[in-house]
Amino acid sequence: MTRIVEKMQGSAGERRLQQAHGTAGRAQRFYDQQMLDHLNERMTAFVGRQEMMFVATSDDAGECDNTFRAGPAGFVHVLDATHLTWPEYRGNGVMASLGNISENGHVGLLFVDFVSDVIGLHVNGRASVVEDEVARAAYPELPVDPVPGRRAERPVLVEVQEAYIHCAKHIPRMAKAPRKREWGTDDVRRKGGDFFGAAADAGPRPAPAAVTGPVPGPLTRWLHSLVPGR
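Using my numbering, you'd call the opening residue of the sequence shown number 6 and step up by one each time.
It is possible that part of the hints are untrue.
In silico DMTMM-like cross-links for lysine to aspartate or glutamate, where the CA-CA straight-line distance does not exceed 20 Å [what the hints assert, rightly or not]:
#, residue 1, residue 2
1, Lys-181, Asp-122
2, Lys-181, Asp-118
3, Lys-174, Asp-118
4, Lys-185, Asp-150
5, Lys-181, Glu-93
6, Lys-185, Glu-56
7, Lys-174, Asp-122
8, Lys-196, Glu-56
9, Lys-196, Glu-93
FRET-style restraints, in silico, Cβ to Cβ [what the hints assert, rightly or not]:
#, residue 1, residue 2, range
10, Val-123, Gln-24, 16 to 26 Å
11, Cys-69, Asn-97, 45 to 55 Å
12, Pro-151, Arg-34, 44 to 54 Å
13, Val-152, Asp-70, 19 to 29 Å
14, Lys-185, Ala-29, 47 to 57 Å
15, His-175, Pro-151, 32 to 42 Å
16, Ala-29, Asn-71, 23 to 33 Å
17, His-26, Asp-70, 27 to 37 Å
18, Arg-141, Asn-97, 19 to 29 Å
19, Arg-21, Arg-159, 30 to 40 Å
20, Arg-186, Gln-24, 45 to 55 Å
21, Glu-19, Phe-119, 42 to 52 Å
22, Ile-124, Gly-30, 22 to 32 Å
Just so you know, the hints here were simulated from the structure itself, not pulled from any lab data. Heads up, the beta-carbon is just placed ideally off N, CA and C, and yes, glycines get one too.
Generate coordinates for the entire structure from the input sequences, incorporating the hints supplied.
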């Protein structure tokens with residue numbers, strides 16, 4: 006049975022602009038016909054075929070970050086209709102997305118298939134960063150990646166709040182070409198080097214201020230409650 010998002014769809018800003026520009030009726034049809042508060046079977050299958058996604062986060066002050074995540078097909082794992090997870094692999098150590106999530110759990114995920122379906126899927130929700138053993142205690146079916154450098158250091162778990170299509174009309178079709186991926190490498194050349202010349206332009210930076218540790222989000226606390234002895 007299909008469920009439509011129960012809360013008022015769209016932000017207050019969206020609604021104001023729709024009224025101002027005469028698009029409220031068109032927008033409402035989209036909310037009613039295309040937006041769900043869960044992942045249906047087709048969405049779940051689509052996510053399972055994807056090898057990349059874009060992740061939007063912001064800190065508690067609203068400063069935004071958008072990044073790219075990739076892995077083998079199915080690296081984003083749908084746990085059930087309202088929860089999904091992806092593995093955080095070893096990166097550059099900055100942890101920009103995870104730092105934002107530790108302050109502000111709202112995330113926007115975008116999956117785009119440029120090769121086969123030529124369609125996109127938005128998934129918005131509340132994310133929490135957990136340790137691998139905690140996630141596996143709650144979800145023993147989580148796959149274990151056998152490739153060194155591609156093993157998750159910690160997963161991100163998302164409670165789905167909105168799921169909706171990204172229309173196909175402006176998505177370019179691309180052909181997939183074989184490429185050897187260097188998972189987990191620190192080789193500067195293989196990582197792209199200083200392609201944009203940032204190192205030459207960077208000036209002296211002030212020492213970072215001391216910060217306190219992140220406060221676990223509600224999903225983290227819930228997962229910890231599922232693990233015996235915690």
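The hints, checked one at a time:
1. Note on Lys-181 and Asp-122: the hinted pairing holds, with a Cα-Cα distance of about 13 Å set against a maximum of 20 Å.
2. Distance check on the hinted pair: Lys-181 and Asp-118 sit about 11 Å apart at the alpha-carbon level, within 20 Å; holds.
3. Among the hinted pairs, Lys-174 with Asp-118 is consistent with the structure: their alpha-carbon atoms are about 13 Å apart, no more than 20 Å.
4. For the hint pairing Lys-185 with Asp-150, the CA-to-CA distance comes to about 17 Å; that is within 20 Å, so the pair holds.
5. Between Lys-181 and Glu-93, the direct Cα distance comes to roughly 24 Å. Violation of the 20 Å bound is thereby established for this hinted pair.
6. Using a Cα cut-off of 20 Å, the hinted pair Lys-185 and Glu-56 holds, with the two alpha carbons roughly 14 Å apart.
7. For the hint pairing Lys-174 with Asp-122, the CA-to-CA distance comes to about 12 Å; that is within 20 Å, so the pair holds.
8. For the proposed pair Lys-196 and Glu-56, the alpha carbon gap of about 19 Å is at most 20 Å, so the pair holds.
9. Simply put, Lys-196 and Glu-93 have alpha-carbon atoms about 17 Å apart, close enough for the 20 Å limit, and the pair holds.
10. Judged by the Cβ atoms, the range 16 to 26 Å given for Val-123 and Gln-24 is violated: they are separated by roughly 33 Å.
11. Cys-69 and Asn-97 have their C-beta atoms about 19 Å apart, which leaves the hinted 45 to 55 Å range violated.
12. Checked against the hint of 44 to 54 Å, the C-beta distance between Pro-151 and Arg-34 comes to roughly 46 Å, which is consistent with it.
13. The hint said 19 to 29 Å for the Cβ distance between Val-152 and Asp-70, and at roughly 27 Å that hint holds.
14. Judged by the Cβ atoms, the range 47 to 57 Å given for Lys-185 and Ala-29 holds: they are separated by roughly 50 Å.
15. In this structure, His-175 and Pro-151 meet the distance hint of 32 to 42 Å, their C-beta atoms being roughly 38 Å apart.
16. Taken as a hint, the range 23 to 33 Å holds for the pair Ala-29 and Asn-71, whose Cβ atoms sit roughly 28 Å apart.
17. Here the CB-CB span from His-26 to Asp-70 is close to 29 Å, well matched to the stated 27 to 37 Å.
18. The beta-carbon spacing between Arg-141 and Asn-97, approximately 26 Å, falls within the hinted interval of 19 to 29 Å.
19. Range check, Arg-21 to Arg-159: about 39 Å between beta-carbon atoms, so the 30 to 40 Å window is met.
20. Roughly 47 Å separates the CB atoms of Arg-186 and Gln-24, a value that falls within the hinted 45 to 55 Å.
21. Between Glu-19 and Phe-119 the beta carbon distance is about 27 Å. The supplied range of 42 to 52 Å is therefore violated.
22. The hinted window of 22 to 32 Å between Ile-124 and Gly-30 holds, with their beta carbons roughly 24 Å apart.
In this structure, the earlier hints numbered 5, 10, 11, 21 are contradicted, and the remaining ones agree with it.
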